[in-house]
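Residue strings, one per chain:
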Amino acid sequence: METRSAKRKKLLDSTKKRLKSDEPQDDRISDLPDDVLHQILFSLPIKSIAQTSVLSKRWRKLWYSFPDLDFTSLKILMNASNARKKMSSFELKGAEFIDQVLGLREKHTDIRALRICAFLSFSTLNGLIRRAIKHNVQELDIEVSTCDYFNFPRSIIMSESLRVFRLKSWRPGFRLPPPEIMKAGFRSLSNLSLSRVILHHQPSLLNLFTDSSFPLLKKLHLEAFSGLKHLSIICRALEDLALESCFQLEDLEISSPKLERLRVSSCFDAYSVSSRVKIDAPTLQIIFWSYNSITEESFLHNLTSLHEVFVGFFLLHEDLSGAKLLSMSNFMSGISHCRRLILENQCIEILWKNTFFAGVLLCPFNKLESLELSTGFNKHNNPGLASLFRISPAIHTITINIVGDRSTERKQWNKDLWDLSSSGEERYWESQTEALNCFLNHIRVVKIHGFAECANDISLVKFLLKKGKVLQELFLCTSLSKPRDSLLREKIRFQIMGYSRASSSAKIVFQ
Amino acid sequence: MSSSEERKLILKSSDNEEFVVKESSAVQCLTIKNLVEDRCVSDPIPLANVDSKILALVIEFMEKHAETTLSNSEKKEFDVEFVKKPFDDLLELILAANYLDFRELMDVLCNTCAKQMENWSVEEVREKFNIQNDYTVEEEKAARAENPWAFE
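In order, the protein sequences belong to chains A and B. Heads up: the first sequence begins at 2 in the numbering used here, then just goes up one per residue. Heads up: the second sequence begins at 10 in the numbering used here, then just goes up one per residue.
Possibly wrong hints are sitting among the right ones.
Unchecked claim - Taking lysine-lysine pairs in the DSS-like style, the calculated list, with each CA pair at most 27 Å apart, reads:
id: 1; chain 1: A; residue 1: K259; chain 2: A; residue 2: K135
id: 2; chain 1: A; residue 1: K48; chain 2: A; residue 2: K62
id: 3; chain 1: A; residue 1: K219; chain 2: A; residue 2: K354
id: 4; chain 1: A; residue 1: K135; chain 2: A; residue 2: K62
id: 5; chain 1: A; residue 1: K62; chain 2: B; residue 2: K150
id: 6; chain 1: A; residue 1: K184; chain 2: A; residue 2: K108
id: 7; chain 1: A; residue 1: K58; chain 2: B; residue 2: K124
id: 8; chain 1: B; residue 1: K42; chain 2: A; residue 2: K48
id: 9; chain 1: B; residue 1: K42; chain 2: B; residue 2: K31
id: 10; chain 1: A; residue 1: K169; chain 2: A; residue 2: K230
id: 11; chain 1: A; residue 1: K62; chain 2: B; residue 2: K93
id: 12; chain 1: A; residue 1: K58; chain 2: B; residue 2: K42
id: 13; chain 1: B; residue 1: K150; chain 2: A; residue 2: K108
id: 14; chain 1: A; residue 1: K219; chain 2: A; residue 2: K230
id: 15; chain 1: B; residue 1: K150; chain 2: A; residue 2: K48
id: 16; chain 1: B; residue 1: K137; chain 2: A; residue 2: K62
id: 17; chain 1: B; residue 1: K73; chain 2: B; residue 2: K62
id: 18; chain 1: A; residue 1: K108; chain 2: A; residue 2: K58
id: 19; chain 1: A; residue 1: K48; chain 2: B; residue 2: K31
id: 20; chain 1: A; residue 1: K169; chain 2: A; residue 2: K184
id: 21; chain 1: A; residue 1: K135; chain 2: A; residue 2: K220
id: 22; chain 1: B; residue 1: K150; chain 2: B; residue 2: K93
id: 23; chain 1: A; residue 1: K58; chain 2: B; residue 2: K21
id: 24; chain 1: A; residue 1: K368; chain 2: A; residue 2: K467
id: 25; chain 1: A; residue 1: K448; chain 2: A; residue 2: K492
id: 26; chain 1: A; residue 1: K279; chain 2: A; residue 2: K368
id: 27; chain 1: A; residue 1: K259; chain 2: A; residue 2: K219
id: 28; chain 1: A; residue 1: K467; chain 2: A; residue 2: K508
id: 29; chain 1: B; residue 1: K17; chain 2: B; residue 2: K73
Stated by the list, open to error - From the derived model, a few chain B residues whose C-beta atoms are all more than 12 Å from chain A:
id: 30; residue: L18
id: 31; residue: E32
id: 32; residue: A75
id: 33; residue: V134
id: 34; residue: D143
id: 35; residue: K150
Stated by the list, open to error - Derived Cβ-Cβ restraints for the label pairs, each shown as a range:
id: 36; chain 1: A; residue 1: T434; chain 2: B; residue 2: S82; range: 31 to 39 Å
id: 37; chain 1: B; residue 1: D24; chain 2: A; residue 2: K48; range: 57 to 65 Å
id: 38; chain 1: B; residue 1: T78; chain 2: A; residue 2: S480; range: 12 to 20 Å
id: 39; chain 1: B; residue 1: N128; chain 2: A; residue 2: L317; range: 51 to 59 Å
id: 40; chain 1: B; residue 1: N25; chain 2: A; residue 2: E309; range: 57 to 65 Å
The set of hints was computed from the structure by calculation and includes no laboratory data. Glycine residues also receive a C-beta, built at the ideal position from the N, C-alpha and C atoms.
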């Protein structure tokens, strides 16, 4: 127990210490333990961290044991044309200084992460990677521009410590080693991203991502695999798969038992007559399928956990062959378990147009709760829209994005027509009342973007208001228009507000 | 309005001052959280490495961040004002946050420290942090020469 006088003295001393602001203070910052100082340095760009090495000997040690080396803040690889002029003499030598930095490191300190974005010669790249692996690097993120094709650095394959690996090459790209060699390693890898791979000599990757290879891989991203034609992905731990810009792809087969998120964009050979996609993924929740050519055959099975799907196809011609139409229809059937569907651009209109002639029906989307689509929305689209409503019995939210030039549709809404029983569009919707019974019992929120005060738009609105028994909100978002239309717009809004409503709680919002 | 379920803890600083805090706020400090979970809580909890002035500041931060009614932007505004303190205090706070394993406070403080360092030259950093330069002139030149790319 301290005596009172001792306590008072201690308090006095500590106060004196703090008041001595004009006298040199003790070096408190260097009292902090190494990992705390490292934490302070984490938010600094690597140049500043390296500069601290001249503060004192201890700080030099801190720099050479700093775990995360992120050289990307040096902005060595900027856009190709300007980059060379702005680069320093060090960077022009092909960022070899990075190799030197690694060489000077404390022998027994591990590197946790190494990130580089630079011009490198292949030998420098290889040397860098070998050094990083020796220091048990866990995360390696390399974006590189080389003079010529290069081979995938094999020293990475057998690393026990590597968990995250990203290799992105600028033109021309790199080649992969044979699958047997790649499969033998990467035992600890959980995250792999490869970009710009040349596979013309090896167009089939059916044996690379098998059930037993990449045992811990959870996230896989393959981009710009030129020449790739056949790809099969199993990987039993895989949860997240992204495939981009594989324009020669003809055959894609995915059967990963734990896959939850799938993204495929700008893939598949539009000219191929034997293209095929096959997906079997019972845990798949989200699909993002954008700007892909329609394959000749589609097999989507077992997608029972599907929650959200974004679909858009790249169409070479507007008129689909019978086989492609069937394939597209099978694709849609495959995703019919989803709850939320967003249809990109106007592929749905192509489907409607062709469906009418080919007699192919879409299967019902029994669990669909929310739908968003884009359409030009003229009166010819109404049957297609009605059939979409019909196959979605449980839907409660619809968003319609009206696109395209609507000046021809912009007829003046004639006030006299208001009272008469109606235009062709109105009569059409009336005739659908019975068939859309389920839909009308469920629809709660309708949003229309690009709403214009023309007959087609208004007849749909009138129908929804008149028959939607549980309708809660109707958002009508108009695009900008000429100021002299605003008086007419007000008149029409007033009329819309006056339409009879089946649901007493229905609210109309104009934006 | 007091809630009898609201458990309180007593924290004692190195200079024997006692502070009452809600257990729900205090467990943001993992050191304290571990004590509570392992049921090794003596009353009061002695914190030998933190004096009363700093502990009071830590508690101020702790209680602000435990308030569920505040939005993230309101908390950020508080943080901005909180770090406007003399350097010595910030460093003492870092030591305390490290000892208490208080992640949020550490992040805010380290970030502030780093931001200040970024704008200074090597000489300025040495001066402001009062770091003793134990290099000889030749040694310092050699140290600079090891990483010439950093000094361009």
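| Quick one, are K219 (chain A) and K230 (chain A) close enough, alpha carbons at most 27 Å? | holds, 24 Å
| Non-interface claim for V134 (chain B): all C-beta distances to chain A beyond 12 Å? | For V134 (chain B), whose nearest Cβ neighbour in chain A is about 6 Å away, the distance does not exceed 12 Å, so it is violated.
| query | Is it true that the CA of K448 (chain A) sits at most 27 Å from the CA of K492 (chain A)? | reply | Holds. K448 (chain A) to K492 (chain A) sits at ~21 Å (cutoff 27 Å).
| task | May I ask you to test the hint 51 to 59 Å on the CB atoms belonging to N128 (chain B) and L317 (chain A)? | result | holds, 56 Å
| query | Between K108 (chain A) and K58 (chain A), is the straight-line Cα distance small enough, at 27 Å or below? | reply | holds, 17 Å
| query | Given a hinted range of 57 to 65 Å, is it respected by the beta-carbon distance of D24 (chain B) and K48 (chain A)? | reply | Violated, at about 42 Å.
| Are T78 (chain B) and S480 (chain A) spaced within 12 to 20 Å by their CB atoms? | The hint (12 to 20 Å, Cβ to Cβ) is violated, given that T78 (chain B) and S480 (chain A) are roughly 41 Å apart.
| When you look at the beta carbon of L18 (chain B), is every beta carbon of chain A farther off than 12 Å? | With a cut-off of 12 Å, L18 (chain B) remains clear of chain A, as the shortest Cβ separation is near 23 Å.
| said: Does K230 (chain A) sit within 27 Å of K169 (chain A), going by the straight-line distance between their CA atoms? | reply: holds, 20 Å
| Straight-line alpha-carbon gap K467 (chain A) to K508 (chain A), limit 27 Å | holds, 13 Å
| request: Sort out whether K93 (chain B) lies within 27 Å of K150 (chain B), counting only the CA atoms. | output: violated, 36 Å
| At the C-beta level, are T434 (chain A) and S82 (chain B) separated by a distance inside 31 to 39 Å? | Violated, since T434 (chain A) and S82 (chain B) (Cβ atoms, about 49 Å apart) do not stay within the stated range.
In terms of the numbered hints stated before, the structure departs from hints 1, 3, 6, 8, 11, 12, 19, 22, 23, 33, 34, 35, 36, 37 and 38, listed from lowest to highest.
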